[in-house]
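Trainee: Okay, here's what each chain looks like letter by letter:
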Amino acid sequence: MVNRSGIWAYSASVAGARHLRRGVERQDRAFHRVEANFAIAVVSDGAGSARNAALGATVSTTRATSAATWRLLDLAAPPTAADLEGVLRESASGVRQSLEELSRQTGESLRTYANTLLLAIQTDTLLGAAQVGDGGMVISNEQGGFECLTLPQRGEYANQTTFITSGEALEQMEVKVVEAQPRYLAMFSDGLENLVIEQATQQPFHGFFNNVFQWLEGQSDPARVEAELSGLLRSSRVTSRSDDDNTLLLTIRR
Amino acid sequence: MVEENDLAREPSLEDSVVFADNPEPRCACLLVLDVSGSMSGDPIRELNEGLKFFKTCIEEDSLASLRTEIGIIAFNIEASVIHDFSTVDRFDPPTLTTSGGTKISTALDLALDLVAQRKQTYKDNAITYYRPWVWLISDGYPQHDTQQEWENAKARVKQAENEREIAFFTVGVEGASMEDLDSIGNRQALKLRGLSFGEMFQWLSSSMSSVSQSQPNDTVPLSSPVGWTEV
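Each protein sequence line maps, in turn, to chains S and Z.
Position one of the first sequence corresponds to residue 1 (this note's numbering), numbered consecutively onward.
Position one of the second sequence corresponds to residue 1 (this note's numbering), numbered consecutively onward.
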């Protein structure tokens, strides 16, 4: 397979035990698209309390990906940092418009589609990220360590966050563009936060990210990678500590 | 055969990963219990049994056991912390004894102070947490509270509720002035049916399970308190 960007993306998303017990479908979604000169990765976590959250999360991931793709393909020259920030903001606002349109068509209120949005775009020289709500994004740095690209947006309580459907979501969205081509990028929904982020320091837990990416370095078959990611998320080591939906998306530059 | 051995040695992802050892998010549940003289006899005996049963019920849910922290304030004319907040493995249900009259405002003040302190402890230790629950259980009325003390305490509870600092519930036991209990906080006071503390604590336990495992912005689906309340 030809992959001129050199970026490879893998993801897995599994339903949480609590959802399975209640007979509720999985409300996390992950989506990615790799083009010749850029790669887009999106994770969305539908709100447990929102009736149409699974559909909302599907719309968010696909709409963000297509909006960003067409904007980037439309550019005459490689994007500048300002271009990329524009692409991130327009993609998020495209998601919001799609959900508003869906709400108008169905007569269901906008908040029934509530979901979070994690959007990352990598080009040959830049890395851009936008986040609404919880979950997080972690990248490798040149010192062999890992750092948080964005942090969860949270209220005082563990069960509070903002959603793309919230009033000020687009204004409060965290947007970041840096000149970097990290070898590794990981995106995860909030179900995994307590397992992969050290709460006391709010830093990535090195042991997790280091071992996952070391393992990924030795893999060549995408289907096997995604099967093992799903297996990990379904394993008792994860489910004994998180009964939420769990999603993990990884990219690697090879 | 060599190839097969090589395959067998290839580590799986599950074998490769290690996870951060963070504390579980906590959900504080503070019981504010009336131990005035009028609670003596069957009421206090049933309440004491109920506390033991509460522990058993929470222990049945492994995640709720890790996340729920139970604290107890007992009050008559004075109020004191009988059991500081602790997870269920370290919760030692006390045997409460009764005496004296009833002063509710002191107990409410102590409850709000104790919850605020607990939140600060969570913050200081980078522990995430859910909105604390405070349960006032009484068979009385503000007998020894001055009008001013009573109004101040109620205003403080109302403000804490409105600012979403706590969720406040009141349960009246036979003989309670439901009108007075009803005037605290934003929710209607619940009247205990007979001495069905067991059913009440079972309900409270399953509610704590729901809350302690709720996800962002869930309106926690609590079952209605049927079976232990009078309509």
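Since the hints were derived computationally from the structure, they do not count as laboratory data.
A couple of the hints might just be wrong.
[Claimed, not checked] Here's a subset of chain Z near chain S, in silico, CB distances under 8 Å, partners left out: (1) Pro11; (2) Ser12; (3) Leu13; (4) Glu14; (5) Ser16; (6) Val17; (7) Val18; (8) Ala20; (9) Asn22; (10) Pro25; (11) Leu63; (12) Ala126; (13) Arg131; (14) Trp133; (15) Trp135.
All C-beta atoms, glycine included, are put in the ideal place defined by N, C-alpha and C.
Trainee: Look at each hint and say if it fits the structure.
Mentor: Here's how the hints hold up against the structure:
no.: 1; hint: Pro11; verdict: holds, 7 Å
no.: 2; hint: Ser12; verdict: holds, 6 Å
no.: 3; hint: Leu13; verdict: holds, 4 Å
no.: 4; hint: Glu14; verdict: holds, 5 Å
no.: 5; hint: Ser16; verdict: holds, 4 Å
no.: 6; hint: Val17; verdict: holds, 5 Å
no.: 7; hint: Val18; verdict: holds, 4 Å
no.: 8; hint: Ala20; verdict: holds, 4 Å
no.: 9; hint: Asn22; verdict: holds, 5 Å
no.: 10; hint: Pro25; verdict: holds, 4 Å
no.: 11; hint: Leu63; verdict: holds, 6 Å
no.: 12; hint: Ala126; verdict: holds, 4 Å
no.: 13; hint: Arg131; verdict: holds, 5 Å
no.: 14; hint: Trp133; verdict: violated, 12 Å
no.: 15; hint: Trp135; verdict: violated, 18 Å
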